[in-house]
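Asks: Residue-level listing of the chains:
2 protein chains.
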Amino acid sequence: MSVLSGMRVVEGSAFVAVPLAGMTLAQMGAEVIRFDRIGGGLDAGRWPLAPNGQSLFWAGMNKGKKSIAVDMKSSEGRELITEIITAPGPDAGLFLTNLRVRGWMDYETLRRHREDLVMVTLTGDRHGRPQVDYTVNPALGVPHMTGPEDHADPVAHALPAWDLIAGNMCVSALLAAERHRLRGHGGQEVELALKDVAAATLGHLGMIADASLNAQDRGKAGNALYGAYGQDFLCADGRRVMVIGLTHRQWRGLIAGTGLSDAMAALEARLGVSLDLEGHRWRHRAAITEVLAPWFAARRVADFEADFNARGLTWSEFRTVREAMAQDPDLTTDNPMFAQVSHPGVGTFLTPRHPATFSAQATCHPGSAPVLGAHTEEILAEVLGLPGGSIGRLFDKGIVEGPAPHATQTAA
Amino acid sequence: MSVLSGMRVVEGSAFVAVPLAGMTLAQMGAEVIRFDRIGGGLDAGRWPLAPNGQSLFWAGMNKGKKSIAVDMKSSEGRELITEIITAPGPDAGLFLTNLRVRGWMDYETLRRHREDLVMVTLTGDRHGRPQVDYTVNPALGVPHMTGPEDHADPVAHALPAWDLIAGNMCVSALLAAERHRLRGHGGQEVELALKDVAAATLGHLGMIADASLNAQDRGKAGNALYGAYGQDFLCADGRRVMVIGLTHRQWRGLIAGTGLSDAMAALEARLGVSLDLEGHRWRHRAAITEVLAPWFAARRVADFEADFNARGLTWSEFRTVREAMAQDPDLTTDNPMFAQVSHPGVGTFLTPRHPATFSAQATCHPGSAPVLGAHTEEILAEVLGLPGGSIGRLFDKGIVEGPAPHATQTAA
Numbered sequence: 001m002s003v004l005s006g007m008r009v010v011e012g013s014a015f016v017a018v019p020l021a022g023m024t025l026a027q028m029g030a031e032v033i034r035f036d037r038i039g040g041g042l043d044a045g046r047w048p049l050a051p052n053g054q055s056l057f058w059a060g061m062n063k064g065k066k067s068i069a070v071d072m073k074s075s076e077g078r079e080l081i082t083e084i085i086t087a088p089g090p091d092a093g094l095f096l097t098n099l100r101v102r103g104w105m106d107y108e109t110l111r112r113h114r115e116d117l118v119m120v121t122l123t124g125d126r127h128g129r130p131q132v133d134y135t136v137n138p139a140l141g142v143p144h145m146t147g148p149e150d151h152a153d154p155v156a157h158a159l160p161a162w163d164l165i166a167g168n169m170c171v172s173a174l175l176a177a178e179r180h181r182l183r184g185h186g187g188q189e190v191e192l193a194l195k196d197v198a199a200a201t202l203g204h205l206g207m208i209a210d211a212s213l214n215a216q217d218r219g220k221a222g223n224a225l226y227g228a229y230g231q232d233f234l235c236a237d238g239r240r241v242m243v244i245g246l247t248h249r250q251w252r253g254l255i256a257g258t259g260l261s262d263a264m265a266a267l268e269a270r271l272g273v274s275l276d277l278e279g280h281r282w283r284h285r286a287a288i289t290e291v292l293a294p295w296f297a298a299r300r301v302a303d304f305e306a307d308f309n310a311r312g313l314t315w316s317e318f319r320t321v322r323e324a325m326a327q328d329p330d331l332t333t334d335n336p337m338f339a340q341v342s343h344p345g346v347g348t349f350l351t352p353r354h355p356a357t358f359s360a361q362a363t364c365h366p367g368s369a370p371v372l373g374a375h376t377e378e379i380l381a382e383v384l385g386l387p388g389g390s391i392g393r394l395f396d397k398g399i400v401e402g403p404a405p406h407a408t409q410t411a412a
Numbered sequence: 001m002s003v004l005s006g007m008r009v010v011e012g013s014a015f016v017a018v019p020l021a022g023m024t025l026a027q028m029g030a031e032v033i034r035f036d037r038i039g040g041g042l043d044a045g046r047w048p049l050a051p052n053g054q055s056l057f058w059a060g061m062n063k064g065k066k067s068i069a070v071d072m073k074s075s076e077g078r079e080l081i082t083e084i085i086t087a088p089g090p091d092a093g094l095f096l097t098n099l100r101v102r103g104w105m106d107y108e109t110l111r112r113h114r115e116d117l118v119m120v121t122l123t124g125d126r127h128g129r130p131q132v133d134y135t136v137n138p139a140l141g142v143p144h145m146t147g148p149e150d151h152a153d154p155v156a157h158a159l160p161a162w163d164l165i166a167g168n169m170c171v172s173a174l175l176a177a178e179r180h181r182l183r184g185h186g187g188q189e190v191e192l193a194l195k196d197v198a199a200a201t202l203g204h205l206g207m208i209a210d211a212s213l214n215a216q217d218r219g220k221a222g223n224a225l226y227g228a229y230g231q232d233f234l235c236a237d238g239r240r241v242m243v244i245g246l247t248h249r250q251w252r253g254l255i256a257g258t259g260l261s262d263a264m265a266a267l268e269a270r271l272g273v274s275l276d277l278e279g280h281r282w283r284h285r286a287a288i289t290e291v292l293a294p295w296f297a298a299r300r301v302a303d304f305e306a307d308f309n310a311r312g313l314t315w316s317e318f319r320t321v322r323e324a325m326a327q328d329p330d331l332t333t334d335n336p337m338f339a340q341v342s343h344p345g346v347g348t349f350l351t352p353r354h355p356a357t358f359s360a361q362a363t364c365h366p367g368s369a370p371v372l373g374a375h376t377e378e379i380l381a382e383v384l385g386l387p388g389g390s391i392g393r394l395f396d397k398g399i400v401e402g403p404a405p406h407a408t409q410t411a412a
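Protein sequences appear in the order of chains A and B.
First residue of the first sequence? That's 1 in UniProt numbering, and the numbers climb one at a time after it.
First residue of the second sequence? That's 1 in UniProt numbering, and the numbers climb one at a time after it.
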């Protein structure tokens, strides 16, 4: 049994945020039903792809869910979806979506079928206009803070950070609203916009206040840690490390670990400041880096790795994903978060469950990603209680589809 | 009343993830008590700073919370914290932390004082070693995917994305464990590691599967949208826009909006592919950009802005935070998510509440950030029920502290 066992969530979605939200709930034990149009939704073929052309993105974002494929252009298909979303059960009636469907799939219509529905809707911006991570991020200024100091152009992040944050917020919003319902206060609609998620986060980090009170935009600082000390260094073996002097203890540890206390004291004397203060470390980071860089340039990682670890320094090495997978036990099944999972029709690969460990529950297996429509029949029978004859008729009329006949046979 | 009204959470924290988690719960209506050592925790002076030297970061991450300052080196101080964490109440006994305190503040010790405690602990990595966003990110490969294609060095993100994701996961982990407790299954400890949060997320996005099945590392692609089409363009007025052709509809809209259907058809003929397929748009993105770039270079944003919006295209403009604040109503109090808030001792600035709107509740005001120790007296009286004489004695002995006398007077 997992922490959310017994909860049923229905998801109508595409791309990152809402699929991630549903998958996160599934990894905590909820039964999550994702419905898609026949042939698959907008993200059915999203890159990266497996060698056989199937979407690795779709597999990653939908593992552990149940999939039903429905012709939503037909009124019968729309009725089926409505019934699945609003099916009875004290731990059901929970709906996550980022699809912009007016009419049959909006909150006011759906709640006529289930008064205590909890519906979480993610939109692009608060006006309902389309926005994606790739447009929100430039509009709010982060690319202007990112990248090498000498690179004039804005640099967008490769990680869809706003989508990932918004998806996790959809999870907590749904749990908060369901908690409220559990206490007898009824259901509700929760709306949030990707752009607002990003704007609020900038505010939380102090960036809006900084721009406002100090009348300045934060500039690029390369790979430096903002506001204290932290920098990347190239070592004698061509490897690049990141070392952190954010807290006083980290800073003192870094000086002790490199044995550069005399040189750093001389620098402090020259500058007339104490580098024990984080603001001074930030302002004088270039001078500090000048002291440290030759030390790293003269050493291989192997020369200081064990000592840095023994001292408890906060540091790491820059690696590609493949290098990390080859070198780091945390990216293997040594880490109980990961399992080698065979995803039908896609392949077998290292797959993570939810990163949290709940001490009162056995950990979930991540589960495999369903082939599109893999659970169509099961959902019609078990969630809607349709008899076999009715289900057969829905398949025959093309209102619903099961998995393509070849889909389950191409697994690695 | 807000969605989490009545819930009480205690937070022992520093920096981004856990303070964000507590603040997010506070913005949804929970009473959140953050305790710090006297003089402030590790993030008390975290940049950015206000003109008066106070931390804008601290203000952003702690607004809406209550603050108590306690001498945790004294056994009496540690007992007070223990009592606050484990104070009775059906909606209390919830503790969030990223402090690595063994002995008096670990789960096994605390639960002796309250059997049904729910404790969420964030660590650096699963081995308990120190890690921060700035070290986790390089170790897992994202900087190698980030930045201009011709820039050989890895580029770290400026946004502490992993911290922000982990913080939001702490919120949902706490709500999931509390939901379990509400159903009579008792409390528990939930542990997660920042590095595991990042590694799991890479897996969810398909990046680990891509590295594994395709034996390749995703390369840098500048500001391009990965896997389909999306690109930044410089316009005649020197402004830079991002335009998206991720879905078929977006792609067709972009061609129609620029009137380049003939040129794009000629390109398809020359390449011998249909650019209606997202994979072809990705593979041939440079050729597509060559067709589109002169169109944007010949136009000012004002020349196409209204038409792009009327067509519902997905696009945005690159701006700094200050430019966004000056130009975009979504970053003003026109957006009900924001209010101008006076933070005692820091200043008055645009402050966001939680980005979600819960239809069954009035929206929360974001609240101001407490001066360190602002609620020391209130918490001792109301949460622990201490009489005035005992509280006075704790202040006299220096076991607790209230706000510094000048702290509330420097507000803007």
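Read the hints as simulated data drawn from the structure, not as lab findings.
Be aware that one or more of the hints could be misleading.
Since copy identity is lost for identical chains, a pair holds within one copy or between any two.
Subject to a maximum C-alpha distance of 20 angstroms in a straight line, what follows is the list of computed SDA-like cross-link-like pairs (lysine to any residue) [as the list claims (entries may be wrong)]:
| id | residue 1 | residue 2 |
| --- | --- | --- |
| 1 | Lys73 | Thr363 |
| 2 | Lys220 | Ala152 |
| 3 | Lys397 | Asp237 |
| 4 | Lys220 | Glu290 |
| 5 | Lys220 | Thr357 |
| 6 | Lys73 | Leu42 |
| 7 | Lys220 | Asp71 |
| 8 | Lys220 | Asp150 |
Asks: Are any of the numbered hints broken by this structure? If so, which, sorted upward?
Replies: 1, 3, 5, 7
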